[in-house]
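**Student:** What follows is each chain in one-letter form.
There are 2 protein chains.
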Amino acid sequence: MLPTRLSLADKIPDAVFCMALIVQKYGGTSVGNTDRIKNVAKRVAEYRSRGDQVVVVVSAMSGVTDGLIKLAKDIAPLPSEREMDMLLATGEQQTIALTAIALHTLGVPAISMTGAQAGIVTDGVHTKAKIHNISPRQVHDYLSEGKVVIVAGFQGETPEGQITTLGRGGSDLTAIALAAALKADLCQIYTDVDGVYTTDPRIVPNAKKLQEISYDEMLELASLGAKVMQSRSVEFAKKFGVVFEVRSSLNDNPGTIVKEETKSMEGVVVRGVAFDKNQAKVTIVGVPDKPGVAAKIFKALGDATVNVDMIIQNISHGTSSPATDISFTVDKPDLLKAQNVIDGLKSEVGIKQIITSEKIGKVSIVGVGMKSHTGVAGKLFETLANEGINIDMISTSEIKISVVIDLAMGEQAVKAVHAAFIG
Amino acid sequence: MLPTRLSLADKIPDAVFCMALIVQKYGGTSVGNTDRIKNVAKRVAEYRSRGDQVVVVVSAMSGVTDGLIKLAKDIAPLPSEREMDMLLATGEQQTIALTAIALHTLGVPAISMTGAQAGIVTDGVHTKAKIHNISPRQVHDYLSEGKVVIVAGFQGETPEGQITTLGRGGSDLTAIALAAALKADLCQIYTDVDGVYTTDPRIVPNAKKLQEISYDEMLELASLGAKVMQSRSVEFAKKFGVVFEVRSSLNDNPGTIVKEETKSMEGVVVRGVAFDKNQAKVTIVGVPDKPGVAAKIFKALGDATVNVDMIIQNISHGTSSPATDISFTVDKPDLLKAQNVIDGLKSEVGIKQIITSEKIGKVSIVGVGMKSHTGVAGKLFETLANEGINIDMISTSEIKISVVIDLAMGEQAVKAVHAAFIG
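Chains L and S, in that order, give the protein sequences. Residue numbers for the first sequence follow the numbering used here, beginning at 1 and rising by one. Residue numbers for the second sequence follow the numbering used here, beginning at 1 and rising by one.
Quick caveat, the hints were computed from the structure, so don't treat them as lab data. Possibly wrong hints are sitting among the right ones.
Identical copies look the same in the list; a pair holds intra-copy or inter-copy alike.
Using 27 Å as the maximum straight-line C-alpha spacing, the simulated BS3-like pairs for lysine-lysine come out as follows [what the hints assert, rightly or not]:
id	residue 1	residue 2
1	K208	K263
2	K352	K42
3	K296	K371
4	K73	K290
5	K379	K208
6	K73	K42
Just so it is clear, the structure is predicted and the values come from calculations on it, not from any experiment.
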């Protein structure tokens, strides 16, 4: 193999240098038009020319899914979920065919497969089906015939032959699940960013791209508003030990490897700083301080499918009857629903007042190194204090500390915290 | 059942008045946008409200298939036929889902099925697959659950699970084959014309819509340029005895019933007058009059997939060596190819000259009654003679007489022939 051939190869881990089985996933932007599909084909062809076996998972071309949803909503405000799956599954099916055609023009044998054909068996919960198992016999057969196999992301089939889709971020899940089932050497998630950064580079221009990150850190970052991937896909990768790389389809830069935590990872205390502007805060003032009240409130919120993030029970006020304040945060779009739920409980529970605010921001630091390092919280609070930033709520996990602050101070906080912990 | 309910019922044959199983096929124009899909749903709901079981076969929304072909051609001039099937099958899959959603809004239980799900098994000849068999168990199950079943036209699946398409007019074929497999009481082909007319109403304004026509007459008309349906679908219907109705999706007018010839049909000598402007004529002058020459010429044309329609061998010229002229007609788009084939044989066969003309028109009269009536040809020739129209070529079958004339005289000929035989 000539050195000129190594332009891509030298950027991926040595372990998969030759004759590896690679699963590559390309999102909607990466296959957004025929020119981009041709570019994807070129990249796949380059990997294959090194002798690698390549399975490609693609999303619908950007705009296609939204266009189909619009057609359905023109007909019915709440279309049947089973029929939405039938409709939306066509988007990915179009991309796989076009990608195979693009590979053929480069002389690369390639064949497209729907989720069902690739053996992706799901439960029957339409629009958000879970993968039950994958029978990749046919994929293996095509690979051993020397073909690149192009699989439709986001979709599967029930054991009864009903077409299902996996919900948001479903194509990532398809790629990771296929990588697990095929025992692939590497799974690459191609997207429109270069990888996972220590924080949002639009806020902190010297944010660094991470070479590697643990599943747990990635999960915390995903749930904290760094929207590189859906938590579900990362959880699946963690469960089945699938190492994957998040990288850009627009250049050849190496991306970020996501894998099981290693000892060396713990040397870094803070892997990343996340900033979530999408939360709102509800404070219930004057909740009777007796058992079962909090349970009643949060059960009612859960029943209304309001996703509650942080919960803080404040100190009791010194009034005649013992009462307390409960604050919690929800996703902004759920605020009205949350307010209605609490309003409905007002007289039954004996709530005095409800205060809401959308002007909050959540800043979080994440790192598996926190487990073995002390003083992290103290340093965080001191950093914010030095900036004159008031902390409204605090929550922690083993590898994360989050603070809720005034939204207007958010970017200042991220800059200061990034400088203090990462540089 | 109240008379007000009979608005549609009284327009279809009595035999299927109640509790019939009806297969309805709607073409691309009939489902061309969401409003039209809603209209299709209303019509289906009306049939169902009478107690009928309805299976709906739909094409891709008009424009969708062409758009997909354009995407593929942007990538490759000659895309793989297997991948084109994967790509194009999505068009119908979108329509079935949208049609099911539209029926749901009317409170009608409905479920969509791909060709594969409906049990349509084909051979593996991609882009023009033949239906091998249909296993409609699942369709039957859904029908007995009271559901309207909406099946994607134009597509099927090989026994190995490869997605195939049936080629032009494939959705008609799906409908007729399903009607046969389901032993449906009636198959309705909804299109943008009211039915089959005695001739093109744009030429003869008082052309009449036929109440009924035999398969053989319909086949002759289809092959003679009256492009209501592809011959393949009519042949399939004839083979399996599927009675079908061609009618408009834009109004409630009864259409034309296509069925096996009955005794009463023979009372009508000429069912229709067809006019084909899409033919060209090739005359080979001075072909040596010896065995095997014609065979050589037409084998070469066949090998080049040139479809030859009429063939006339003219009288020999009184020259030194015995020679003859051979004339034949081909579809206009094939003319250049035909000319090249004959040019290639020129010296080998000893051809003197090739003359071609695109300025011809073929006028045909069709009717099963011709079998039992004499003098039909004479009356046709006399009619044309009275108009001063010269006949260039003649060909006949048991139920058809075709003449080739000057293209410029075509409409005049159609008017005169229609007036003479039909009125």
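**Student:** Now tell me, hint by hint, if it's right for this structure.
**Tutor:** Evaluation of the provided hints:
For a Cα distance limit of 27 Å, the shortest separation of K208 from K263 inside one copy, 21 Å, qualifies, whereas the shortest one across copies, 87 Å, does not. With identical chains, the CA atoms of K352 and K42 are never at most 27 Å apart, being 64 Å at best within one copy and 53 Å at best between copies. For a Cα distance limit of 27 Å, the shortest separation of K296 from K371 qualifies neither inside one copy, at 34 Å, nor across copies, at 88 Å. In this assembly of identical chains, K73 and K290 lie within 27 Å of each other by CA distance neither inside one copy nor across copies; the values are 47 Å within and 71 Å between.
For the homomeric pair K379 and K208, the shortest alpha-carbon distance inside one copy (21 Å) is at most 27 Å, but the shortest distance between copies (91 Å) is not. For the homomeric pair K73 and K42, the shortest alpha-carbon distance between copies (18 Å) is at most 27 Å, but the shortest distance inside one copy (37 Å) is not.
The earlier numbered hints that this structure contradicts are 2, 3 and 4.
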